[in-house]
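Number of protein chains: 2
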Amino acid sequence: MEFVTGLEDRKVKTLEELEREESVGTEVTVEGMVHSIRDMGEISFVILRSRDGLLQTVIQAGSEKEVLSEIREGQAVRVTGTVFKEERAPHGIEIHLANARILSKPEEPMPIAIDKWKLPTSLEANLNRRAIALRNVRERAKFRIQEGICRGFREFMTSQGFTEIHTPKIGAKSAEGGANLFKLQYFHRPAVLAQSPQFYKQMMVGVFDRVFETGPVFRAEKHNTKRHLNEYTSLDFEMGFIDSFMDICKMETAMLQYVVELLKKDYAKEVTLLKIELPNVEKIPFVRFDEAKRLIAEKYDRQIRSPHDLEPEEEALIGEYFKSEYGADFVFVTHYPSKKRPFYAMDDPENKEFTLSFDLLFRGLEITTGGQRIHDYETLLKKIAEKGMDIEGMEDYLDCFKYGMPPHGGLGIGLERLTMKMIGEDNVREACLFPRDMTRLKP
Amino acid sequence: MEFVTGLEDRKVKTLEELEREESVGTEVTVEGMVHSIRDMGEISFVILRSRDGLLQTVIQAGSEKEVLSEIREGQAVRVTGTVFKEERAPHGIEIHLANARILSKPEEPMPIAIDKWKLPTSLEANLNRRAIALRNVRERAKFRIQEGICRGFREFMTSQGFTEIHTPKIGAKSAEGGANLFKLQYFHRPAVLAQSPQFYKQMMVGVFDRVFETGPVFRAEKHNTKRHLNEYTSLDFEMGFIDSFMDICKMETAMLQYVVELLKKDYAKEVTLLKIELPNVEKIPFVRFDEAKRLIAEKYDRQIRSPHDLEPEEEALIGEYFKSEYGADFVFVTHYPSKKRPFYAMDDPENKEFTLSFDLLFRGLEITTGGQRIHDYETLLKKIAEKGMDIEGMEDYLDCFKYGMPPHGGLGIGLERLTMKMIGEDNVREACLFPRDMTRLKP
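Keeping their order, the protein sequence lines are chains A and B.
Quick note: the first sequence uses our numbering, first residue 1353, plus one each step.
Quick note: the second sequence uses our numbering, first residue 1353, plus one each step.
It cannot be assumed that every hint is accurate.
Any copy will do: because identical chains look the same in the list, a pair fits if it lies in one copy or spans two.
In silico PhoX-like links for lysine-lysine, alpha-carbon gap of 20 Å or less [claimed, not checked]:
| no. | residue 1 | residue 2 |
| --- | --- | --- |
| 1 | K1692 | K1704 |
| 2 | K1735 | K1627 |
| 3 | K1704 | K1735 |
| 4 | K1754 | K1457 |
| 5 | K1457 | K1437 |
| 6 | K1794 | K1417 |
| 7 | K1794 | K1692 |
| 8 | K1602 | K1794 |
| 9 | K1525 | K1794 |
| 10 | K1794 | K1651 |
| 11 | K1616 | K1651 |
| 12 | K1365 | K1535 |
Think of the hints as simulated: they come from the structure by calculation, not from any bench.
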């Protein structure tokens, strides 16, 4: 009988291995996609693209191997050659080719100049040809940063005793905000897609005390803006035994500190490539909702039009204000009006008009909504009645409170929004591999 | 201005901290849910449940604090007392209570005896009251193991240079297996839920070489069995520049080795609690599909009824055979017939009736399907035509091949099935927090 025993050493070197090991002067085998070819007559530069970057290889005229003359852009190749120091090449090395194996060939030349530093296309054209456009090294680097954020979130949550959960995305119609739900048929029964794991993560606080989830959420909102997606990845956590909603803010701050350190450590290449200015997360100012409104109304001489909500322009101005006054990239805006918060938000016992909740703004954009939740069964029922809501569909959620829940709170973070602000883009579609918006359902 | 600077030291100790630090003889504050109370007259044992286990606390008769007499099951409490050695208590310690704060109270007594070692309910009753049933420490431990598997998968993939991706779950109707798709309306357009990230992960091989995703998939299959869920979590990876589909098997084997080590290291409590027999992953036998069929037909004196597919009973017998012959918990079954594999599976050049693909069986159950994919554009078009399929809806997928793709392959793992077999359960619903099947849409 034959067995698989795991990974074996590969003869093919990764770019990372070439950089780490003293490879200059040795013969190596590497592989990649032929990203671009510059034919200079006597000599050809063949740039290979692999997962860890670009690598310059060189074909000298009069090379004996015929296969070298068959190398074309878009091919997948495995090549052998000697490593030379070359300051002007990426990573300071180049490989003088001795042999090659062509692993696959394209049918047609690339329809977009993916080898340009900045893609010479509109965002619309980029998204229409997304899987090709992402072969540009700057484009794909954005999603390495996104990976770092998501990974950092999970690693930090795990280190703090949170349990990862997977909650269902298809559910029976629930009472939570019916307007923005996508509807579907589930074996001849009406069902909806989850707009957040809110109920489930609260329910799981009664089981694991601290839980987190990273997964898709679905919003049938008819917004067509630079900030909205109809499907996005939500980073959620929920924790029990809190003393105040500030415990949630502290946890989020510490998580962001961890993420920024992880980006510095493991994603330095991409941070450099994209010229990312990592945000200041040492200390994050917090300000009450009504105070924030007053501050910017005064400073920027604006009228307060919607007293219960922040307009996007106000969020941007709050970001501007705290950046200029305190050098802050993030601001916690706290105590949102009860009118505009969901029923499960805990009211401030000192003033029932406001809740013990917050948003986190990052460079003027809301990336998080969170706060303390009601944990007392009777209080919850009363609040639901006050909001004029029906408990139908909420029985399982309410049961958890009936049988006892600890004081708790949590938050949800939009991964694409956080990524977008981190990489300095101004359209959330730039930070989503395959965006879904009101007009875009493919690719 | 006030700032949030991150986490501060908490006075409240976790069970883990009590175990790690030399706490016997000291006064400590801990918190948790009151899991059960045993009133012995002179003395009461109050068992607290927190995220890291059960903790025995003791109230002695004649205690001065009135609040101690108000402690009831289902409450969330924060208590203070002195730590004593007590061999018969969980973790070998107990706390003699001096004071308490009742943080929240339940409305009604627990409807299920969650403090029993094994829940005294049917699976059906358990699932109907899922969020309560999971408060049983054995029930919740299953999902700590699930976390370990998922976390191990990601950590290993990251260590091997795979990039995490998030692909859309709502899409335009695609050609891949239309029968089992959930349909929905997307702003007045027909759309479907993704039954796998197959197309997207292949497309992203052209960008990142190696990618992985952990996320929900949706199957509108009309199966009502112990092995099927209509929504489940899929662990997917896809890698470029492979020499053979065996590279995928090797990667999966190494991943499983990593996961088992992680479970031993970080989930030892749960492994012990559930009496889990961790599987043998040092070496995994592999056998051709037709050879496996022949082996068990011979050994168990069975007729081969469906020559192109494995029946569930056959999978179970293959598991049994390789367990008894080689002590193997896993078996790779390779070279599935082309007839039963999707169009993108690469045919074996030595015999076009079979594909360069495999399933991985774990204790007799298929938990993985994987293999090498066609990477050549013309070959792919030809195969699609041979299968009598239409390329409509596949344009973006096909474009990736038109412009060049490396040889590649990958796999998908059902997280719930893998968990179920790991914890020794025989119904996949036991390994899903909130299962979705043909009749169950809530909680």
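Taking the hints in turn, this is what the structure says about them:
1. In this assembly of identical chains, K1692 and K1704 lie within 20 Å of each other by CA distance solely inside one copy; the values are 13 Å within and 63 Å between copies.
2. Taking the closest pair of Cα atoms, K1735 and K1627 never come within 20 Å of each other, the shortest separation being 48 Å inside a single copy and 44 Å across copies.
3. When the C-alpha separation of K1704 and K1735 is checked against a cutoff of 20 Å, the pair qualifies only within one copy, where the shortest distance is 11 Å, while the shortest distance between copies is 66 Å.
4. With identical chains, the CA atoms of K1754 and K1457 are at most 20 Å apart between copies only, with a shortest distance of 9 Å across copies and 64 Å within one.
5. Within a single copy, K1457 and K1437 get their C-alpha atoms no closer than 30 Å, and across copies no closer than 71 Å, so neither meets the 20 Å cut-off.
6. For the identical chains of this complex, K1794 and K1417 are neighbours neither inside a copy (44 Å) nor across copies (65 Å), given an alpha-carbon limit of 20 Å.
7. In this homomeric assembly, K1794 and K1692 never come within 20 Å of each other (Cα to Cα): the closest approach is 34 Å inside a single copy and 28 Å across copies.
8. With identical chains, the CA atoms of K1602 and K1794 are never at most 20 Å apart, being 39 Å at best within one copy and 34 Å at best between copies.
9. In this homomeric assembly, K1525 and K1794 come within 20 Å of each other (Cα to Cα) only across copies, at 10 Å, whereas the closest approach inside a single copy is 27 Å.
10. Within a single copy, K1794 and K1651 get their C-alpha atoms no closer than 44 Å, and across copies no closer than 51 Å, so neither meets the 20 Å cut-off.
11. In this homomeric assembly, K1616 and K1651 never come within 20 Å of each other (Cα to Cα): the closest approach is 35 Å inside a single copy and 58 Å across copies.
12. For the homomeric pair K1365 and K1535, neither the shortest alpha-carbon distance inside one copy (49 Å) nor that between copies (45 Å) is at most 20 Å.
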